[in-house]
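S.K.: One-letter residues, chain by chain:
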Amino acid sequence: MASLKALKIRINSVKSTQKITKAMKMVAAAKLKRAQEAAEASRPYAERLEKVVSSIASKVTVGPQSPKLLAGTGKDDVHLFVVATSDKGLAGAFNTNIVRLARKRADELKGQGKTVKFYTIGKKAKDGLVRFYRNDIVESVEPGDLGKLGYDAVKGWSDDLIARFEGGEFDVAHLFFNKFVSVLTQEPTELQLMPVALSNDNAPAGASASVEYEPDEEELLADLLPRNVAVQLLRAQRENAASEQGSKMTAMDNATRNAGDMINKLTIQYNRSRQAAITTELIEIIAGAEAL
Amino acid sequence: MALNFELVTPERLVRSEEVYMVTVPGTEGDFGVLEGHSPMVSTLRAGEVAIYKTQGAAPETIALDGGVAEVNENGLTILAEKLG
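Here the protein sequences come in this chain order: U and P. Under my numbering, the letters of the first sequence match residues 698 to 989, in that order. Under my numbering, the letters of the second sequence match residues 312 to 395, in that order.
These are computed hints drawn from the structure, not numbers from a lab. Worth double-checking, as some hints may not be accurate.
[Said to hold, decoys possible] If you only want the chain U side, here are some residues facing chain P, beta carbon under 10 Å, derived:
id, residue
1, 735
2, 745
3, 752
4, 849
5, 911
[Unchecked claim] Calculated cross-link-like contacts (lysine-lysine; reagent style DSSO-like; alpha-carbon spacing at most 30 Å):
id, chain 1, residue 1, chain 2, residue 2
6, U, 705, U, 719
7, U, 785, P, 393
8, U, 765, P, 393
[Stated by the list, open to error] On the chain U side, residues computed to face chain P include the following (Cβ under 7 Å):
id, residue
9, 746
10, 749
11, 751
12, 848
13, 850
14, 909
15, 910
16, 920
17, 928
18, 967
Built from N, CA and C at the ideal position, the CB exists for glycine as well.
All chains should be built: construct the whole structure from the sequences, respecting the hints.
M.R.: Pasting the structure below:
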């Protein structure tokens, strides 16, 4: 059995670990609120932009002259996976879930004879993928604190991605991120980034037949589609930021609770050892007294 | 006789209010939007949006760094990437 002193040290060390996890949980809770608000604030723009883009796109007939971002390259041989995670760990399964989904989809596509390349956003995405697909990672960027990420940074990545797309480096781009459902649930999600996938449901039919376009539809689309890509990326980052904090909060809450259980167990063990030691001492004293 | 005006950036909804008139810096020339303007979509150049709360009032200006303006039956929506 461990000595009393060793037990005491153990208990103290678990106690300080518990203090740290508790503080981290509280920090995550505060950041979560802000991240959630940011995610909600970025929604109106994305929704309205999508509405405008799909209403214009519904009027343009897709042909060889239309922008590549809408029509695609006409092939789907090379797929680019944009995998977005955070830079930091200690957030439960947050990063692993994204990477796992990306790997599963990559293996499926490779099984069909397609080429898959990776563009990683966040250290953890790179760490998770580099072991399996060392030569397929074309670029890795590090976003830093997801909560502080602005539109400018995201625009830079999306410009880079679009340039690669126009240059024919890949045919289809998929985006992987964690969708924020609730504090307890985050859903790893895949989204087609390029060519732009449009839902035709919210394109108003007939009502806007007399809409004036300035400049004409083609030029407008050429301007709007890259914006749409950037906004999708930004939205993914915002969802990721909220998911990361939610996941971290849950993980740290669990850690705090586990530490509590461990302290209880160790304290009981400590008290038992102490009692045993006292009993032994008493027996020794009584035995000594009787011997006289 | 009010125009429903919304100014949205990727970060947040900046404005959502009823105004009298807004002048917008379109790529092919500035244009003013009053209530009942015919539907249109236009890209914007970097410039200033002038918001007139009431007729004849001094305009409030907001600088933009490009974007898109959409006018439909619900009013005017400006999607700006960032405010200049």
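S.K.: Mind listing which of the numbered hints don't hold for this structure, in increasing order?
M.R.: Numbers 11, 13 and 18, in rising order.
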